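Residue numbers (my numbering), protein chains in the order written: chain A, 4 to 499; chain B, 11 to 261.
To be clear, the hints were calculated from the coordinates, so they are not data collected in a lab.
This one's a predicted model, so the numbers in the text were calculated from it and none came from an experiment.
Even glycine gets a Cβ: it sits at the ideal position worked out from N, Cα and C.
Fair warning: there could be bad hints in the mix.
Said to hold, decoys possible - Which bits of chain B does chain A cover? Going by a derived footprint, with three or more residues having C-beta under 8 Å, they are: (1) 90-102; (2) 105-115; (3) 134-144; (4) 185-195.
Said to hold, decoys possible - 30 Å max Cα-Cα, derived DSS-like pairs, lysine-lysine: (5) A:Lys389 with A:Lys400; (6) B:Lys145 with A:Lys470; (7) B:Lys255 with A:Lys218; (8) B:Lys113 with B:Lys255; (9) A:Lys470 with B:Lys255; (10) B:Lys145 with B:Lys255; (11) A:Lys389 with A:Lys470; (12) B:Lys118 with A:Lys101; (13) A:Lys109 with B:Lys113; (14) A:Lys302 with A:Lys416; (15) A:Lys416 with A:Lys389; (16) A:Lys101 with B:Lys230; (17) A:Lys218 with B:Lys145; (18) B:Lys118 with B:Lys145; (19) A:Lys101 with B:Lys255; (20) A:Lys470 with B:Lys118; (21) A:Lys109 with B:Lys118; (22) A:Lys101 with B:Lys119; (23) B:Lys113 with A:Lys470; (24) A:Lys148 with B:Lys113; (25) B:Lys230 with A:Lys109; (26) A:Lys307 with A:Lys400.
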Amino acid sequence: MATSSFISTRLSSGPSIHTPISKKNKLSTKIMAVMTPQTSDRKPSTTGSVKTGMTMTEKIFARASERTQLSPGENVWVNVDVFMTHDICGPGVIGVFKREFGDDAKVWDREKVVIIPDHYIFTSDERANRNVDIIRDFSNEQNIKYFYDITDRGDFKANPDYKGVCHIALAQEGHCRPGEILVGTDSHTCTAGAFGQFATGIGNTDAGFVLGTGKILLKVPPTLRFVLDGEMPDYLLAKDLILHIIGEISVSGATYKAMEFVGTTIETLSMEERMTLCNMVIEAGGKNGIVPADATTFKYLEDKTSVSYEPVYSDAQAGYVAEYRIDVTKLEPLVAKPHSPDNRGLARECKDIKLDRVYIGSCTGGKTEDFLAAAKLLLASGDKVKVPTYIVPATQKVWMDLYTLPVPGSGGKTCWQIFEQAGCNSPNSPSCGACMGGPLDTYARMNEPQVCLSTTNRNFPGRMGHKEGQIYLASPYTAAASALTGFVTDPRDFLH
Amino acid sequence: MASLTNPTTLSTLTHHHHQPSSISTFTLFNSPKHPSFTPLITHSTITTNPTVFRRTPTITSATTNPSPSTSTASFHGTCYVVRDNIDTDQIIPAEYLTLVPSKPDEYKKLGSYALIGLPSSYEQRFVEPGENNSKYSIIIAGDNFGCGSSREHAPVALGAAGVAAVVAESYARIFFRNSVATGEVYPLESEVRVCDECRTGDVVTIELEGSLLVNHTTGKQYRLKPIGDAGPVIEAGGIFAYARKTGMIPG
Numbered sequence: 004m005a006t007s008s009f010i011s012t013r014l015s016s017g018p019s020i021h022t023p024i025s026k027k028n029k030l031s032t033k034i035m036a037v038m039t040p041q042t043s044d045r046k047p048s049t050t051g052s053v054k055t056g057m058t059m060t061e062k063i064f065a066r067a068s069e070r071t072q073l074s075p076g077e078n079v080w081v082n083v084d085v086f087m088t089h090d091i092c093g094p095g096v097i098g099v100f101k102r103e104f105g106d107d108a109k110v111w112d113r114e115k116v117v118i119i120p121d122h123y124i125f126t127s128d129e130r131a132n133r134n135v136d137i138i139r140d141f142s143n144e145q146n147i148k149y150f151y152d153i154t155d156r157g158d159f160k161a162n163p164d165y166k167g168v169c170h171i172a173l174a175q176e177g178h179c180r181p182g183e184i185l186v187g188t189d190s191h192t193c194t195a196g197a198f199g200q201f202a203t204g205i206g207n208t209d210a211g212f213v214l215g216t217g218k219i220l221l222k223v224p225p226t227l228r229f230v231l232d233g234e235m236p237d238y239l240l241a242k243d244l245i246l247h248i249i250g251e252i253s254v255s256g257a258t259y260k261a262m263e264f265v266g267t268t269i270e271t272l273s274m275e276e277r278m279t280l281c282n283m284v285i286e287a288g289g290k291n292g293i294v295p296a297d298a299t300t301f302k303y304l305e306d307k308t309s310v311s312y313e314p315v316y317s318d319a320q321a322g323y324v325a326e327y328r329i330d331v332t333k334l335e336p337l338v339a340k341p342h343s344p345d346n347r348g349l350a351r352e353c354k355d356i357k358l359d360r361v362y363i364g365s366c367t368g369g370k371t372e373d374f375l376a377a378a379k380l381l382l383a384s385g386d387k388v389k390v391p392t393y394i395v396p397a398t399q400k401v402w403m404d405l406y407t408l409p410v411p412g413s414g415g416k417t418c419w420q421i422f423e424q425a426g427c428n429s430p431n432s433p434s435c436g437a438c439m440g441g442p443l444d445t446y447a448r449m450n451e452p453q454v455c456l457s458t459t460n461r462n463f464p465g466r467m468g469h470k471e472g473q474i475y476l477a478s479p480y481t482a483a484a485s486a487l488t489g490f491v492t493d494p495r496d497f498l499h
Numbered sequence: 011m012a013s014l015t016n017p018t019t020l021s022t023l024t025h026h027h028h029q030p031s032s033i034s035t036f037t038l039f040n041s042p043k044h045p046s047f048t049p050l051i052t053h054s055t056i057t058t059n060p061t062v063f064r065r066t067p068t069i070t071s072a073t074t075n076p077s078p079s080t081s082t083a084s085f086h087g088t089c090y091v092v093r094d095n096i097d098t099d100q101i102i103p104a105e106y107l108t109l110v111p112s113k114p115d116e117y118k119k120l121g122s123y124a125l126i127g128l129p130s131s132y133e134q135r136f137v138e139p140g141e142n143n144s145k146y147s148i149i150i151a152g153d154n155f156g157c158g159s160s161r162e163h164a165p166v167a168l169g170a171a172g173v174a175a176v177v178a179e180s181y182a183r184i185f186f187r188n189s190v191a192t193g194e195v196y197p198l199e200s201e202v203r204v205c206d207e208c209r210t211g212d213v214v215t216i217e218l219e220g221s222l223l224v225n226h227t228t229g230k231q232y233r234l235k236p237i238g239d240a241g242p243v244i245e246a247g248g249i250f251a252y253a254r255k256t257g258m259i260p261g
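When you get a sec, could you build the whole thing from the sequences and use the hints?
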């Protein structure tokens, strides 16, 4: 037996090495090798000596940090493809940038910075208005290519560049692309993961750093895999799916982790539905949400971007922290009850909850398809709403769609016609609106301790304004159904 | 219906979920902390930045301590205790986000609003009306402190109000990251639920080198978890200082 070559082969392929058995059955006094007892369940693949499969999030990190292989837990400097900021964090980011890089410093790439006023726009609050001026001055000084300005607050339509809610604007303007790294000064930046990219929220200081260098130090997150299968019931929306998941794993269930959504159901979801899903991963503490890019993604991007992109996909042997399998046909419409997004409840079990108002808007539930869904349910009922129902489209484009797109099955009626017939309030100027309260004069802000059901993303105490306000989070279907009764209502009461 | 008047009710609303037993495939991955860089700082100092809003941790001596620590390796003061899932809207409500943290006078104002979003079930206010600073320099918290929005105004408001450190059972990641990047508050993790054993007003000391939280009022001590990968960034004085030290940006 060629013992020495045997040993050298074993040594090069892994940590465990064998003591050769002497053919002569004589104990050799020369120690050739020692076998260490196994003390932990550690597969050779975790030592890095064997190339492991990577999840799509890991692959994006690898490419962005110019590495061929990396594992969760590693800290790497990655190149940022797109950086986004808005009116409430922009000024702070600019302050950090100038402080650290100098008053005359230039941003790392004027075409990769997207500045989107959207939070406190339609208000008379002087500081809020000043903040939009600050980001305008900076955009002019830096010749920022994508600054979606608003100067006439009295009439949003008079501002051709103005878009509205940043996460929806990013998607609609083609800034979200598979395989890329997008960071933004807003926790719901994770929305863009719907496009098969890594997207996460960062603070002003990290953002100031990115502005100057185009890089950020990130820890590679391990991935939680959610496999959703089954035909989506016609009374469920992506909002129900994510509320189910958050309720399952809790508001800290995905902390420091990536949430990967796959399965036959996911494949049938539209881009806007995928955005709703990824939007709320932060509510589970997730670092990012991600959906593999497919024909739906490519079709959406066709007319929106000419920048080339390269999608990535998880390897079959990629390692996941955990895998959850969900049969969507067994799910029911849900709400998140006060005061936590993980306080999951069945809509039908909350039918005794009396509402003071219903709010349909925000990056989570104020997109075109969200309004089409609400309109579809209102149309099916034919009744009028029993409580004030606020309609706040996310962007200018969504607003236009409300007034122009025909609602399927309505004989050519637009969303707005259906909303008007049902007695909803007129659609308000596109922005983040009352989702987070905001300045006291924000439209639909909850200034009294009322009970509100909304299509937004958070319901912690004081989220929409008043500390004692009670917020139920739900899908657009559930919101419309609840508006019709004045109580939390399962949409199946109106949809069959 | 949930009531805001009883803090116990609030904490029972948080669900500590376990993974469902019906997972079909389960790959347990204990991600070991892999520092891909070695700490460059061997002594525990926190560099100051000349501009007014970058803070060094303030050391408050307690009257009961005959020999107050002047080393930056410890924090000493009265603590303020909060429960689980304190989101950033409670730390600094959205209506105050028009204040820009990089402007010195607005930075101060943010301090005056720190934790003003806490429900009225918290009987002691963190910052008295009309004040900019809090008398509490250490926050003791439960799980998932700083969850919700990514607003950096949250650790900034706490820092501006005079908070030196937070000892939480766990953090939401963006808040933790922002604390480290800004250097505003030192985010430490406890091994047990210290928020159940400490009360607002207790006098405490945090020993960084010994990873210890000492509650002088109750006489109990608690192990703190090592700071981990964030250590070198915090010790350098934030992400920019760290980047300069490691050569990522010119010094």
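Problem - 30 Å limit on alpha-carbon distance, applied to hinted pair B:Lys145 and A:Lys470 - result: holds, 24 Å
Exercise for the section: For the pair supplied as a hint, A:Lys148 and B:Lys113, confirm whether the alpha-carbon distance does not exceed 30 Å. Expected result: holds, 26 Å
Handout entry: Restraint check for A:Lys101 with B:Lys255, where alpha carbons must lie at most 30 Å apart
Key = holds, 19 Å
Handout entry: Given hint B:Lys119 paired with A:Lys101 - CA-CA distance at most 30 Å
Key = holds, 22 Å
Exercise for the section: Compare the distance between the alpha carbons of B:Lys230 and A:Lys109 with 30 Å, and conclude whether the hinted pair is satisfied. Expected result: This hinted pair is violated, its Cα atoms lying about 53 Å apart.
Problem - B:Lys118 paired with A:Lys101 [C-alpha distance capped at 30 Å] - result: Since the Cα atoms of B:Lys118 and A:Lys101 sit roughly 20 Å apart, the hinted pair holds (cutoff 30 Å).
Practice task
Sort out whether A:Lys470 lies within 30 Å of A:Lys389, counting only the CA atoms.
Solution key: This hinted pair holds, its Cα atoms lying about 25 Å apart.
Exercise for the section: Please work out if B:Lys255 and A:Lys218 have their alpha carbons no farther apart than 30 Å. Expected result: holds, 16 Å
Practice task
Would you mind confirming whether the straight-line C-alpha gap from B:Lys145 to B:Lys255 stays at or under 30 Å?
Solution key: violated, 35 Å
Problem - Holds or violated: B:Lys113 to A:Lys470, with C-alpha atoms at most 30 Å apart - result: holds, 28 Å
Exercise for the section: Would you check chain A against the region 185-195 of chain B, counting CB to CB pairs closer than 8 Å, and say if three or more residues qualify? Expected result: That given contact holds, which follows from 4 residues of the region 185-195 of chain B lying within Cβ reach (below 8 Å) of chain A.
Handout entry: Holds or violated: A:Lys302 to A:Lys416, with C-alpha atoms at most 30 Å apart
Key = holds, 26 Å
This entry does not satisfy hints 3, 9, 10, 16, 17, 25, going by the numbered hints stated previously.
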